[in-house]
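Undergrad: Going down the list, the sequences are from chains A and B.
Under my numbering, the residue at position 22 of the first sequence is numbered 22, and the numbers go up by one with no gaps.
Under my numbering, the residue at position 53 of the second sequence is numbered 53, and the numbers go up by one with no gaps.
It should be emphasised that the hints constitute simulated quantities derived from the structure, not laboratory data.
Bear in mind the structure is a predicted one, so any value in this text is a computation, not a measurement.
Be careful, since some hints might not be right.
To be verified - Mimicking DSSO-like on lysine-lysine, the simulated pairs with C-alpha atoms at most 30 Å apart in a straight line are:
id, chain 1, residue 1, chain 2, residue 2
1, A, K43, B, K86
2, B, K143, B, K125
3, B, K125, B, K86
4, A, K155, A, K177
5, B, K86, A, K149
6, B, K86, A, K35
7, A, K35, A, K3
8, B, K86, B, K143
9, B, K86, A, K65
10, B, K125, A, K36
11, B, K149, A, K36
12, A, K35, B, K143
13, B, K143, A, K36
14, A, K35, B, K125
15, A, K2, B, K86
16, A, K252, A, K177
17, A, K35, A, K2
18, A, K3, B, K86
19, A, K2, A, K43
20, A, K177, B, K86
21, A, K148, A, K252
22, B, K86, A, K148
As the list claims (entries may be wrong) - Away from chain B, derived, C-beta distances all over 12 Å, residues of chain A:
id, residue
23, T90
24, W183
25, P192
Heads up, the beta-carbon is just placed ideally off N, CA and C, and yes, glycines get one too.
Here's the letter readout for the chains.
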Amino acid sequence: MKKDLLSIDDLTRDEIHLVLDTAEAMREIGQRPIKKVPTLRGKTIVNLFYEPSTRTRTSFEIAEKRLSADTLNIAVATSSVLKGETLADTAMNIEAMAPDMIVLRHASSGAGHLLSRICRSRIINAGDGMHEHPTQALLDAFTIREHKKRIDGLKVAIVGDLLHSRVLRSNVLLLTKLGADVWVCGPPTFVPSGIERFGVRVSPRVDEAADGADVIMMLRIQQERMQGAFIPSLREYFTTFGMTRERVARAKPDVIIMHPGPMNRGVEIASDVADGPYSVILEQVSNGVAVRMAVLYLLAGGAEAD
Amino acid sequence: MPVVLDATRISRSLARIAHEILERNHAVDELALIGIRTRGVPLARRLARAIHDINGHDVPTGALDITLYRDDLMRHAVGAQPVIRKTEIPFSIDDKRILLVDDVLYTGRTIRAALDALIEFGRPKTIQLIVLVDRGHRELPIKADYVGKNVPTSLSESVQVRLTEIDGRDEVEIQES
Numbered sequence: 001m002k003k004d005l006l007s008i009d010d011l012t013r014d015e016i017h018l019v020l021d022t023a024e025a026m027r028e029i030g031q032r033p034i035k036k037v038p039t040l041r042g043k044t045i046v047n048l049f050y051e052p053s054t055r056t057r058t059s060f061e062i063a064e065k066r067l068s069a070d071t072l073n074i075a076v077a078t079s080s081v082l083k084g085e086t087l088a089d090t091a092m093n094i095e096a097m098a099p100d101m102i103v104l105r106h107a108s109s110g111a112g113h114l115l116s117r118i119c120r121s122r123i124i125n126a127g128d129g130m131h132e133h134p135t136q137a138l139l140d141a142f143t144i145r146e147h148k149k150r151i152d153g154l155k156v157a158i159v160g161d162l163l164h165s166r167v168l169r170s171n172v173l174l175l176t177k178l179g180a181d182v183w184v185c186g187p188p189t190f191v192p193s194g195i196e197r198f199g200v201r202v203s204p205r206v207d208e209a210a211d212g213a214d215v216i217m218m219l220r221i222q223q224e225r226m227q228g229a230f231i232p233s234l235r236e237y238f239t240t241f242g243m244t245r246e247r248v249a250r251a252k253p254d255v256i257i258m259h260p261g262p263m264n265r266g267v268e269i270a271s272d273v274a275d276g277p278y279s280v281i282l283e284q285v286s287n288g289v290a291v292r293m294a295v296l297y298l299l300a301g302g303a304e305a306d
Numbered sequence: 001m002p003v004v005l006d007a008t009r010i011s012r013s014l015a016r017i018a019h020e021i022l023e024r025n026h027a028v029d030e031l032a033l034i035g036i037r038t039r040g041v042p043l044a045r046r047l048a049r050a051i052h053d054i055n056g057h058d059v060p061t062g063a064l065d066i067t068l069y070r071d072d073l074m075r076h077a078v079g080a081q082p083v084i085r086k087t088e089i090p091f092s093i094d095d096k097r098i099l100l101v102d103d104v105l106y107t108g109r110t111i112r113a114a115l116d117a118l119i120e121f122g123r124p125k126t127i128q129l130i131v132l133v134d135r136g137h138r139e140l141p142i143k144a145d146y147v148g149k150n151v152p153t154s155l156s157e158s159v160q161v162r163l164t165e166i167d168g169r170d171e172v173e174i175q176e177s
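Working from the sequences, and respecting the hints, build out all of it.
TA: Have a look at this one:
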């Protein structure tokens, strides 16, 4: 493994499988009466979150605590960032206190790469702007593999706000690396130009994307990142691209429906689909802890070529 | 390099240990076997079968991966992490008499880690240690309760245990490393 996990591109196929296999073992720890192992005792991990997050921050913190690391959370609302400190300065100050790892979430794409250049601590990208969210893609792959026993050759339809989605980018890199047949679908304003070059098929029709799919992954409409008019209205979006029971019926009978959260019910996904029998949305959340434990463990060991 | 145990002697040792277990533990219902990954696991299964052959009793069997409890895990600043495999103990170990099984007893550090791991699953009544080979050179105050064979070794040698389930054949060999 490389020093940092900034992008799925940092991982080879074999390393992805190693993370998923390790996560399999880590999951068992969460089912024990004492949900803790001493592995990262004495390691300090800083969770530096510049954007609001419930799921990812909680998931990382639980994973860190189950491995016995000392963790601390810096939420920007209570930090000197509000006094005008730059990301680099904040990072160097944290670095001066010698943590072993920094888990970073930031609104700017490439924030993790900046930290990676100036920090000796290992950096884990927990979402950087519209760029990547590698641990989300890993937990999605873990969830898919658990249900389908493979990833190679599956038809995966990713539907929604492709443009603003870091989850999309990490998932496309990972799923194509593992040989899935990835379809992406959304209104033309949401389709990043040149996306076909990543080896995915683009469809403007959700029925076509969902047709015969093994996995349907819905992406959130990210109103907070939108500048300008991308869609006429949320209701119209739901009518054209929302995942309804009728659309799910076009997929394989054993399709799984995924969503990285937080969901906009009635916008990208109908409530009865989100809570329905095909939904694995809450499993994704549970699996997130095991996958992050695996990533923390594997990175803590040291890179082969540092 | 010398083979110190062949297939016949391995199966005789395990049969003998099965008898010893029953001799020392009258409450058969309280027994449970836990094998340390990798080669302790098939050994534990074989002992369960041997006990079944003697008295028809089924002793529950589990598998323990001790990697996350190793004391040398984070000491190497550079190098890939050891692969972790699943711990599977599908029964409660509370108030059980646990028979911990490993292939080779050497420094004792693996057993130390296994004891730490086990304690987190509950509070067994006793933990007894079974090893196929005791090669000496202990670094911790740990002793086996049942030993297949004591094999005196030098520190420059390594002991290779091969089991059919994993390696295709049964034998224990000493190698100069």
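Undergrad: Now tell me if each hint is right for this structure.
TA: Tested hints:
1. A:K43 with B:K86: Distance ~24 Å between A:K43 and B:K86 Cα, so the pair holds.
2. B:K143 with B:K125: Answer holds: B:K143 to B:K125 is near 18 Å, not above 30 Å.
3. B:K125 with B:K86: holds (24 Å)
4. A:K155 with A:K177: holds (14 Å)
5. B:K86 with A:K149: holds (17 Å)
6. B:K86 with A:K35: holds (15 Å)
7. A:K35 with A:K3: Satisfied, since the Cα-Cα distance of roughly 27 Å is no more than 30 Å.
8. B:K86 with B:K143: holds (26 Å)
9. B:K86 with A:K65: holds (19 Å)
10. B:K125 with A:K36: holds (22 Å)
11. B:K149 with A:K36: violated (36 Å)
12. A:K35 with B:K143: holds (29 Å)
13. B:K143 with A:K36: holds (27 Å)
14. A:K35 with B:K125: holds (22 Å)
15. A:K2 with B:K86: holds (25 Å)
16. A:K252 with A:K177: Holds - the C-alpha atoms of A:K177 and A:K252 are around 23 Å apart, at most 30 Å.
17. A:K35 with A:K2: Answer holds: A:K35 to A:K2 is near 28 Å, not above 30 Å.
18. A:K3 with B:K86: holds (26 Å)
19. A:K2 with A:K43: The hint holds at about 18 Å.
20. A:K177 with B:K86: holds (26 Å)
21. A:K148 with A:K252: holds (12 Å)
22. B:K86 with A:K148: Holds, at roughly 20 Å.
23. T90: holds (26 Å)
24. W183: holds (34 Å)
25. P192: Holds: least Cβ distance 35 Å, greater than 12 Å.
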